[in-house]
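Colleague: Here are the chains, one letter per residue:
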Amino acid sequence: GAVVSQHPSRVICKSGTSVKIECRSLDFQATTMFWYRQFPKQSLMLMATSNEGSKATYEQGVEKDKFLINHASLTLSTLTVTSAHPEDSSFYICSATRTANSPLHFGNGTRLTVT
Amino acid sequence: AQSVTQLDSHVSVSEGTPVLLRCNYSSSYSPSLFWYVQHPNKGLQLLLKYTSAATLVKGINGFEAEFKKSETSFHLTKPSAHMSDAAEYFCVVSEERYGQNFVFGPGTRLSVLP
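From first to last, the protein sequence lines are chains X and V. Counting in my numbering, the first sequence runs from 1 upward without gaps. Counting in my numbering, the second sequence runs from 1 upward without gaps.
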């Protein structure tokens, strides 16, 4: 159990366009979902914490207008990278958890390449 | 505040030899501790977790970790490395009083030599 599905796994887009990444908890209700960005050979950088039905909490330095997060239900959160630029190219990973101190369950990540 | 230190950025072992990946944490409350593994271009997979039950925790793929409060450590071990164990490993700490706040270590890359 505790499967998190993230789509797409890879996306290539042109500068100026927007890209939406979906994160779904398939067999449990996720009270909280997290979005991370990972640079090569580095740890995960938390971008934002998302609770169902409320606005996401963004980490310092993360532009909320550029990285739009919607958590419309207990099983779905989306990250939209708006007006993408080449510097937004990265590996984005979502995770979900049932309750505080429950383990995080991760999606398989999305490799975004902006040309 | 919580923090996690993984003392080795890279560990290299020969196939069939023991694995030790070190993790030390800082926490002023009763923490939950986790080890995750990440293979290239993949998400993270939970190996094992400690949540104030038995201090020796057994996980998947033959891994285990021991919670030592006096040493604030949660080292990950495996008796015999397999080629498929080559990956990045992350130690993570969480404290309930901080809500759902998970702090990641910087990661340790494990290489397994034939």
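Hints are computed from structural coordinates only; laboratory data are not their basis. Glycine is no exception: its CB is placed at the ideal position from the N, C-alpha and C atoms. Be careful, since some hints might not be right.
Residues of chain V placed beyond 12 Å of chain X at every Cβ, according to the derived structure [claimed, not checked]:
id, residue
1, 11
2, 39
3, 41
Each computed DSS-like pair below joins lysine-lysine, with the alpha-carbon atoms no more than 30 Å apart [unchecked claim]:
id, chain 1, residue 1, chain 2, residue 2
4, V, 58, V, 68
5, V, 42, X, 14
6, X, 64, X, 41
7, V, 49, X, 41
8, X, 64, X, 14
9, X, 55, V, 42
10, V, 58, V, 42
11, V, 49, V, 69
12, V, 68, X, 41
13, V, 58, V, 69
14, V, 42, X, 64
15, X, 41, X, 20
16, V, 68, V, 49
17, V, 42, X, 41
18, X, 66, V, 69
19, V, 42, X, 20
20, X, 66, X, 41
21, X, 64, X, 20
22, X, 66, X, 55
23, X, 14, X, 55
24, X, 20, X, 55
25, V, 68, X, 64
26, X, 20, X, 66
Simulated restraints, written as ranges between beta carbons of each label pair [as the list claims (entries may be wrong)]:
id, chain 1, residue 1, chain 2, residue 2, range
27, X, 40, V, 84, 33 to 43 Å
28, V, 45, X, 113, 49 to 59 Å
29, V, 77, X, 2, 21 to 31 Å
30, V, 109, X, 20, 30 to 40 Å
31, X, 65, V, 54, 42 to 52 Å
32, V, 114, X, 18, 37 to 47 Å
33, X, 60, V, 72, 38 to 48 Å
34, X, 27, V, 28, 11 to 21 Å
35, X, 40, V, 18, 22 to 32 Å
36, V, 14, X, 70, 26 to 36 Å
37, X, 14, V, 68, 26 to 36 Å
38, X, 63, V, 72, 14 to 24 Å
Colleague: Taking the hints in turn, state whether each one holds.
Modeller: Consistency of the hints with the structure:
no.: 1; hint: 11; result: 15 Å, holds
no.: 2; hint: 39; result: 10 Å, violated
no.: 3; hint: 41; result: 6 Å, violated
no.: 4; hint: V:58 with V:68; result: 15 Å, holds
no.: 5; hint: V:42 with X:14; result: 24 Å, holds
no.: 6; hint: X:64 with X:41; result: 25 Å, holds
no.: 7; hint: V:49 with X:41; result: 24 Å, holds
no.: 8; hint: X:64 with X:14; result: 21 Å, holds
no.: 9; hint: X:55 with V:42; result: 28 Å, holds
no.: 10; hint: V:58 with V:42; result: 23 Å, holds
no.: 11; hint: V:49 with V:69; result: 15 Å, holds
no.: 12; hint: V:68 with X:41; result: 29 Å, holds
no.: 13; hint: V:58 with V:69; result: 17 Å, holds
no.: 14; hint: V:42 with X:64; result: 25 Å, holds
no.: 15; hint: X:41 with X:20; result: 25 Å, holds
no.: 16; hint: V:68 with V:49; result: 14 Å, holds
no.: 17; hint: V:42 with X:41; result: 13 Å, holds
no.: 18; hint: X:66 with V:69; result: 42 Å, violated
no.: 19; hint: V:42 with X:20; result: 19 Å, holds
no.: 20; hint: X:66 with X:41; result: 24 Å, holds
no.: 21; hint: X:64 with X:20; result: 14 Å, holds
no.: 22; hint: X:66 with X:55; result: 15 Å, holds
no.: 23; hint: X:14 with X:55; result: 28 Å, holds
no.: 24; hint: X:20 with X:55; result: 17 Å, holds
no.: 25; hint: V:68 with X:64; result: 40 Å, violated
no.: 26; hint: X:20 with X:66; result: 12 Å, holds
no.: 27; hint: X:40 with V:84: 33 to 43 Å; result: 22 Å, violated
no.: 28; hint: V:45 with X:113: 49 to 59 Å; result: 24 Å, violated
no.: 29; hint: V:77 with X:2: 21 to 31 Å; result: 25 Å, holds
no.: 30; hint: V:109 with X:20: 30 to 40 Å; result: 32 Å, holds
no.: 31; hint: X:65 with V:54: 42 to 52 Å; result: 47 Å, holds
no.: 32; hint: V:114 with X:18: 37 to 47 Å; result: 46 Å, holds
no.: 33; hint: X:60 with V:72: 38 to 48 Å; result: 27 Å, violated
no.: 34; hint: X:27 with V:28: 11 to 21 Å; result: 35 Å, violated
no.: 35; hint: X:40 with V:18: 22 to 32 Å; result: 29 Å, holds
no.: 36; hint: V:14 with X:70: 26 to 36 Å; result: 48 Å, violated
no.: 37; hint: X:14 with V:68: 26 to 36 Å; result: 52 Å, violated
no.: 38; hint: X:63 with V:72: 14 to 24 Å; result: 36 Å, violated
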